[in-house]
Amino acid sequence: MAGRVIVITSGKGGVGKTTTSANIGTALAKNGHSVVLVDTDIGLRNLDLLLGLENRIVYTLVDVVEERCKLKQALVKDKKNPNLCLLAAAQTRDKSSVSAEQLKKITEKLKKDYDYILIDCPAGIEQGFQTAIAGASEAIVVTTPEMSAVRDADRIIGLLEAADGIESYKLLLNRVRPNMIKSKDMMSVEDVENILSCQKIGVIPEDTGIITSTNRGEPIVNNEKSLAGKAYMNVARRINGEDVPFLDIDEPKDFVGKLKKFFSGLKKQGKE
Amino acid sequence: MEQFLNDNMYVIDLGELNTAPEIIFELSSVLDKEEVKNKRICLKLGNVDLNQAQLLSIKSLINGIDSTLSCVDTKSVETEKVALSLGIIVSNVSAENAVELAPTMPYKMAEELKDEAINTETEENEDIVEESDINSESLNDAIIEDNESLPSEQTEESREVEENIEPQQEESQIEKEVVAEPTETINSDIDNGVVQETEKEEIQDELDVIFGSTPSQTVFYDMQHPTEMYEEREELTDIIVPEQEYTKEDIELESFPTKYIKQTIRSGQVINYEGNIVIIGDCHPGCEVTAFGDITVWGILSGIAHAGAGGNQKAKVRALKMNAIQLRIANCYSRRPDSLNTVYIEKTNSFTPEEARIVNGEIVVFKMND
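So the protein lines, in turn, are chains A and B. Each step along the first sequence adds one to the number in the working numbering, with nothing skipped, and position 157 is 160. Each step along the second sequence adds one to the number in the working numbering, with nothing skipped, and position 247 is 261.
Please keep in mind that the hints were generated in silico from the structure rather than gathered at the bench. Backbone N, C-alpha and C define an ideal beta-carbon position, used for all residues, glycine too. One thing to keep in mind: the hints can contain errors.
What the hints assert, rightly or not - Below, simulated EDC-like cross-link-like pairs (lysine to aspartate or glutamate); rule was C-alpha separation at most 16 Å, straight line:
no.	chain 1	residue 1	chain 2	residue 2
1	A	LYS80	B	ASP352
2	A	LYS33	A	GLU193
3	A	LYS83	B	ASP352
4	A	LYS73	A	ASP118
5	B	LYS330	B	GLU266
6	A	LYS82	B	ASP352
7	A	LYS15	A	GLU149
8	A	LYS108	A	ASP66
9	A	LYS173	A	GLU196
Claimed, not checked - Computed spacing ranges between beta-carbons, pair by pair:
no.	chain 1	residue 1	chain 2	residue 2	range
10	B	GLY324	A	SER171	50 to 56 Å
11	A	GLU227	B	ASP352	56 to 62 Å
12	A	ASP97	B	THR261	37 to 43 Å
13	B	ASN383	A	ARG241	34 to 40 Å
14	A	ARG240	B	GLU376	51 to 57 Å
15	B	ASN363	A	LYS108	51 to 57 Å
16	A	LYS185	B	MET382	55 to 61 Å
17	A	MET183	B	GLU288	57 to 63 Å
Stated by the list, open to error - Incomplete in silico selection of chain A near chain B, CB under 10 Å:
no.	residue
18	GLY46
19	LEU47
20	ARG48
21	LEU52
22	GLY55
23	GLU57
24	ARG59
25	ILE60
26	VAL61
27	THR95
28	ARG96
29	LYS115
30	GLY212
31	GLU227
Modelling step: build the complete structure from the supplied sequences, incorporating the hints.
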């Protein structure tokens, strides 16, 4: 059994690469797959924080590369989900500590034992990015519906197409605000898809719960009520090859809107 | 008081002195000299009755400068007995053919110079001061050098001045000398300043405690090793804290040099030092502090701290607020409990200092009350 190596990248910083990695990883593990999350953002690691594993890290990716420990020793098991493991980045080093070949070797080893290897890519298109994509065969490009993020995503897609190993890439649109799209203040999902001419794999609505979950060290997919959590669960299922319809993220804020939505839902149910 | 150089033996005549503190004071000023080092030393004592503790402290003073106390000449039967019990030869030393040496330097000068030396040292390294232990040899060496470079006239003058304020001054000097003495057996708790302020009687009492009635070395040992300040454990009370023994590891910790760092240690910063580390500032999450000795943080410790990295099990980690992600002492490792997931800790004026050390093979954090 050979696992799939997926890199999660964006180009621009702050669009939600790490949040996406943590949530998709947790969601896949929840669905019964064995998953390793690899943080390649050496020197600015955050993935451990989002998973609440900060206090468990003894060995890091750099320790594995420099052969101070075995690969198994460096894998930190998640608190709740035994299917999920984290290979953390070193905080006290920089991106030059790990080369593309070294990361490729590690992913080759991990492939044998795990279903999914998700690589959290650092921002930028420099050495860190080149290292992160080296071992991957698939990519998820995270972007937000802002012009700057879309431009950077475009640049990244260009680089991914030029890269040898990447066979397919998908788009994940993060922090979407349906209300703003309605009032034409934000690019719609279709607009972004058109601009980038790239197939989307998920649309995640803006959710204040993300901030709370980050601070608590618990991915939002563990919260079943959260819309963003549901969206991430769907992304995980789509990655696994299931055909899942896109979530209706249109959530009206005013009371009348909510009532309308409620009744339309009843109507639909009645028709069926 | 006279000193003679007799063959390979160095004879120190203290026959005129009548109390143990006087003897120790005079002796310590003689022992500052270069000539006395690496010699076999013979003490001429008068009618003084010395007990075991007093003679032991004299012996350790002499051992401290790499010399040995080979024989004692005394008129007191009591002292003779004690000396024999400690394996010191009792004999009559002839003062004939002995070479007389120059008058001794008063310790006062050396004390002042020592202060100056320390001051200049700290000025040189403002931010990061690598200060060796106060007891270390380098300081004593500096004092000796300064002694030699002084003109002799000045010496005599200051000596005269000193004789006027003799007794109290003298005793305080004994204290100071004892403190500066490099061997391990001497109590270092007594502060110089305190001694100067106290009355003569009090000093006498204190000296009696140190050199007085109880006849064993454990007196010094007890005073040097402070009693337990932290007995309560925060969460679990069922662990019995074993009595602390003074071991080789303690001595090693005390002999380590100390590095002072006056800055905030931020994420990604690494500090390694083969000694003790004192950080005046906070240690943010994501930093790593590794020391062969103790780690003391005058602030909030939230990063990773590894004390006793060389394998010293007695090493400790102290902080005003202990919030470390991981604590490592020697080969033990512990992580912050998951329940204690504080986003950040408010900086207040009322922190309870905490100390982590190994108890029964696991790291335990104690509150240090009072």
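For each hint, the structure was consulted:
no., hint, verdict
1, A:LYS80 <-> B:ASP352, "holds, 14 Å"
2, A:LYS33 <-> A:GLU193, "violated, 30 Å"
3, A:LYS83 <-> B:ASP352, "holds, 12 Å"
4, A:LYS73 <-> A:ASP118, "violated, 20 Å"
5, B:LYS330 <-> B:GLU266, "holds, 13 Å"
6, A:LYS82 <-> B:ASP352, "holds, 9 Å"
7, A:LYS15 <-> A:GLU149, "holds, 11 Å"
8, A:LYS108 <-> A:ASP66, "holds, 14 Å"
9, A:LYS173 <-> A:GLU196, "holds, 10 Å"
10, B:GLY324 <-> A:SER171: 50 to 56 Å, "holds, 52 Å"
11, A:GLU227 <-> B:ASP352: 56 to 62 Å, "violated, 21 Å"
12, A:ASP97 <-> B:THR261: 37 to 43 Å, "holds, 41 Å"
13, B:ASN383 <-> A:ARG241: 34 to 40 Å, "violated, 58 Å"
14, A:ARG240 <-> B:GLU376: 51 to 57 Å, "violated, 44 Å"
15, B:ASN363 <-> A:LYS108: 51 to 57 Å, "holds, 52 Å"
16, A:LYS185 <-> B:MET382: 55 to 61 Å, "holds, 60 Å"
17, A:MET183 <-> B:GLU288: 57 to 63 Å, "holds, 58 Å"
18, GLY46, "holds, 6 Å"
19, LEU47, "holds, 8 Å"
20, ARG48, "holds, 8 Å"
21, LEU52, "holds, 9 Å"
22, GLY55, "holds, 7 Å"
23, GLU57, "holds, 6 Å"
24, ARG59, "holds, 6 Å"
25, ILE60, "holds, 8 Å"
26, VAL61, "holds, 7 Å"
27, THR95, "holds, 5 Å"
28, ARG96, "holds, 8 Å"
29, LYS115, "violated, 29 Å"
30, GLY212, "violated, 16 Å"
31, GLU227, "violated, 21 Å"
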